[in-house]
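Participant: Chain by chain, the residues run as shown.
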Amino acid sequence: DQQVKQNSPSLSVQEGRISILNCDYTNSMFDYFLWYKKYPAEGPTFLISISSIKDKNEDGRFTVFLNKSAKHLSLHIVPSQPGDSAVYFCAASAKTSYDKVIFGPGTSLSVIP
Amino acid sequence: KAGVTQTPRYLIKTRGQQVTLSCSPISGHRSVSWYQQTPGQGLQFLFEYFSETQRNKGNFPGRFSGRQFSNSRSEMNVSTLELGDSALYLCASSFDNNYGYTFGSGTRLTVV
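Protein sequences, first through last, are from chains A and B.
According to this note's numbering, the first sequence is numbered sequentially starting from 1.
According to this note's numbering, the second sequence is numbered sequentially starting from 1.
Possibly wrong hints are sitting among the right ones.
[As the list claims (entries may be wrong)] Below are the BS3-like pairs computed for lysine-lysine, each with C-alpha atoms no more than 27 angstroms apart in a straight line: (1) A:Lys56 x A:Lys68; (2) A:Lys68 x B:Lys13; (3) A:Lys5 x B:Lys57; (4) B:Lys13 x A:Lys71.
I should point out that these hints are in silico values taken from the structure, not numbers from a laboratory.
In this text, all values refer to a predicted model and were calculated from it rather than measured experimentally.
Starting from the given sequences, assemble the full structure and let the hints guide the process.
Facilitator: Okay, structure coming up:
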């Protein structure tokens, strides 16, 4: 059973527009959520995170929103740039699991110039 | 400072063989986690080591094992390789918890 789901395997967005990547989770014990970006032939790199005590965290062009009641989070990229084209992984962890981090299957974002 | 180093970058093995992958974490990082990445499955958690002890384990068969040395370097071993073990194996390190992961570039294992 997949505890972290990213139901869109791929997404295409025009340069300058908003990219919205979605993530759903099933484990109500998760209390920390992260987004990672991965380019081909490289390891994932940390992008942004959010604690369950917050519902929004912003870092430059990247904003993560958390809806705990719906067990849903989303990553907004505004404005989208061609260099943002990558695979984005949503991840979650729970203090009760010694901070084991569970990743979703990823969404491949293509930003079209 | 140097990043997380994984060796080798690429590996081709035959079914039934065993393989050992190596990971050198960022200096000062005591936690090392291993993930398997396959198309459509994302990053599947294998195990995590902290100060030479396995702190957490994923749902992989016993053919997958690991260890961590006193200098925090870690190895993972896969015995009796199967075709389905072909994947990118990623190692990530952090200082004291898993929130500040830094990933290596991975080892691409192909089993033929």
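Participant: Tell me the hint numbers this structure goes against, listed in increasing order.
Facilitator: The structure breaks hints 2, 4; every other hint is satisfied.
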